[in-house]
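**Q** The chain contents come next:
There are 2 protein chains.
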Amino acid sequence: MGPRHGTDMSESAFIAQLRAIATHPAARGLADDCAVLDVGGDTLVLTHDTLVEAVHFLSTDPPASVAWKLIAVNLSDLAAKGATPMGALVSYCLQGDPTWDAEFAAGLTHVLETFGVGLWGGDTVKQSPSVLGCRMFGATLIGKGGALVPSRSGAREGDELFVTGTVGDARIGLLHARQTPSSMSPFVEAYRRPQPQLAAGQALASSVTAMMDVSDGLLIDALRMAAASGVAAMIDLDSIPLSAIADGIGYGNDRIARINAATAGDDYQLLFTSALPLPPLPCPVTRIGQMVHGQGLRLHDRAGDVPLPASLGWEH
Amino acid sequence: MGPRHGTDMSESAFIAQLRAIATHPAARGLADDCAVLDVGGDTLVLTHDTLVEAVHFLSTDPPASVAWKLIAVNLSDLAAKGATPMGALVSYCLQGDPTWDAEFAAGLTHVLETFGVGLWGGDTVKQSPSVLGCRMFGATLIGKGGALVPSRSGAREGDELFVTGTVGDARIGLLHARQTPSSMSPFVEAYRRPQPQLAAGQALASSVTAMMDVSDGLLIDALRMAAASGVAAMIDLDSIPLSAIADGIGYGNDRIARINAATAGDDYQLLFTSALPLPPLPCPVTRIGQMVHGQGLRLHDRAGDVPLPASLGWEH
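Residue numbers (our numbering), protein chains in the order written: chain A, 29 to 344; chain B, 29 to 344.
Pulled out of the complex, with its shape left as it was, chain A reads as follows (with noise of 0.2 Å):
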């Protein structure tokens, strides 16, 4: 509900018209990718994310790994609120195919299982024939928030720009998996299974000052970090890690490759601000760039400053 899905019309006109009822405190003013309530002492991180066939994933995709993106999207919007996921409810349209039903269910056990999450409800409902074949999947996950649960609107001049792990694999393996739906490549994995960053995101909960998952595309993030933030967000494009792999098949070292990592989306990692130093985290972070007085986005290389492409990221 938040801004996270784009800058589309319609849909900023749908919630400006909701925000009106969007009171209470756990709704963070629609503003953040979760829901954040406190309970008896304890605060509750609650989510939700619906994946939407050839917006979300691609119709070859194997009903499997369909799953596990669909549970892995909304754990990484808890990872970014530092929580420790606990429970999800599940909903699902039965797909009058029991081969692709039966194995989306062992990919929904699978991914689940994979990072101790209990499946706690949901609805199955079954399709009418007028939208048979619509494939549309929605989880809602529960997690256990932090002393700290960081949101994206903390961000203040002066902080440290960092991302978790590398950016752009999931770009190439869409790609990749578009032209050869059998692939199984580490690019195509990277896109259909991405790997929330649940202990990062624990472990900085209480070190950030803003924090949020990078799905639609780092640059496009990190705007709307620092328009949440009431700031402006610098960052070195040589510094945006890729992969080695990447590097390797020579989709690295220079400014478009770099560009095209940074504005591709289902990356799912980690986005923070901190002027802090970090703790011990277990996994690579890199330092891209820094929070500073005004608005929007600035990039640089070591050939000076860059022009904003055409396209940040996904708005969808």
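Worth double-checking, as some hints may not be accurate.
In this list, chains with the same sequence are indistinguishable; a pair is considered to hold if it fits within one copy or across any two.
DMTMM-like mimics (lysine to aspartate or glutamate), calculated; alpha carbons at most 20 Å apart, straight line [to be verified]:
no., residue 1, residue 2
1, Lys154, Glu343
2, Lys154, Glu141
3, Lys154, Asp125
4, Lys172, Asp70
5, Lys172, Asp66
6, Lys154, Glu81
7, Lys172, Asp266
8, Lys172, Asp125
9, Lys154, Glu131
10, Lys172, Glu141
11, Lys154, Asp264
These aren't lab readings, by the way, just hints derived from the structure by calculation. Keep in mind the model is a prediction, meaning the values are calculated, not measured.
Given the structure of chain A, go ahead and fit chain B onto it with the hints provided.
**A** The following block gives chain B in isolation, referenced to the frame of chain A:
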């Protein structure tokens, strides 16, 4: 995820496959309509229902009433737990039609305000052109449970069986709305804008042995409660409460009319069992039968035993 939406083999197989990972007490074995989570001394009740066009609502239903129904059917699940609603996460797919979207948002605002429910978040997604026109909406509702949170499996031999309000109006409304979508009759309103029995559920929660909402038909839901509880349900058809308006237009007063009312869905009344005197209730309540030794469902009326109809309700 519970048995509420039918006994279709494919759905049963799907849920059976998932039951192995539903071991957390909050899941209640996927045999209930809500998850029930003890957290910090409080009890949270969580439920998710998805509405599908041409299955749960008509293509001609006004967008505002689709929004009403989306929230109301989830509130009805909370009502059956005696819970007080707190907040909602809503999954909405933009229709590519600003008027439809705006009317849905207005309807969502109205229903959430009517029941004092906060909008806490959710997800707004665009559709791909390949599935454009697919109307499938989800909502997760979060409520606070009382000291006792009834399940559907607690009915015992000898308990009396009750239903709140009246049943069957929504069935007539569905027939009317199919024929004349512009109709605004009370029957059509009953179909499009069900009234969750929240106050009754809260009043009843500590006096019942089992409780659930009547969403798919009084008979099928009574059979589900009996099966979950390991007893048989014996129902007196003559006692099934029809509304005065339904009686007034000649739908009542005969066996077929009462069977029609008791096998139609969308009533959203509360069905419950109790062996205690009932507390004061904010709505009419009718004793319709008793739980007895055995299994299954038995019907009778003043003329004697009544054979079970071929369909006991909706299975979707």
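**Q** Next, verify each hint and record whether it holds.
**A** Hints, one by one, checked against the model:
no. : hint            : result
1   : Lys154 x Glu343 : between (29 Å within a copy, 9 Å between copies)
2   : Lys154 x Glu141 : neither (26 Å within a copy, 30 Å between copies)
3   : Lys154 x Asp125 : within (11 Å within a copy, 25 Å between copies)
4   : Lys172 x Asp70  : both (8 Å within a copy, 14 Å between copies)
5   : Lys172 x Asp66  : both (10 Å within a copy, 12 Å between copies)
6   : Lys154 x Glu81  : both (17 Å within a copy, 10 Å between copies)
7   : Lys172 x Asp266 : neither (37 Å within a copy, 50 Å between copies)
8   : Lys172 x Asp125 : neither (36 Å within a copy, 38 Å between copies)
9   : Lys154 x Glu131 : within (17 Å within a copy, 26 Å between copies)
10  : Lys172 x Glu141 : within (18 Å within a copy, 28 Å between copies)
11  : Lys154 x Asp264 : neither (49 Å within a copy, 32 Å between copies)
In this structure, the earlier hints numbered 2, 7, 8, 11 are contradicted, and the remaining ones agree with it.
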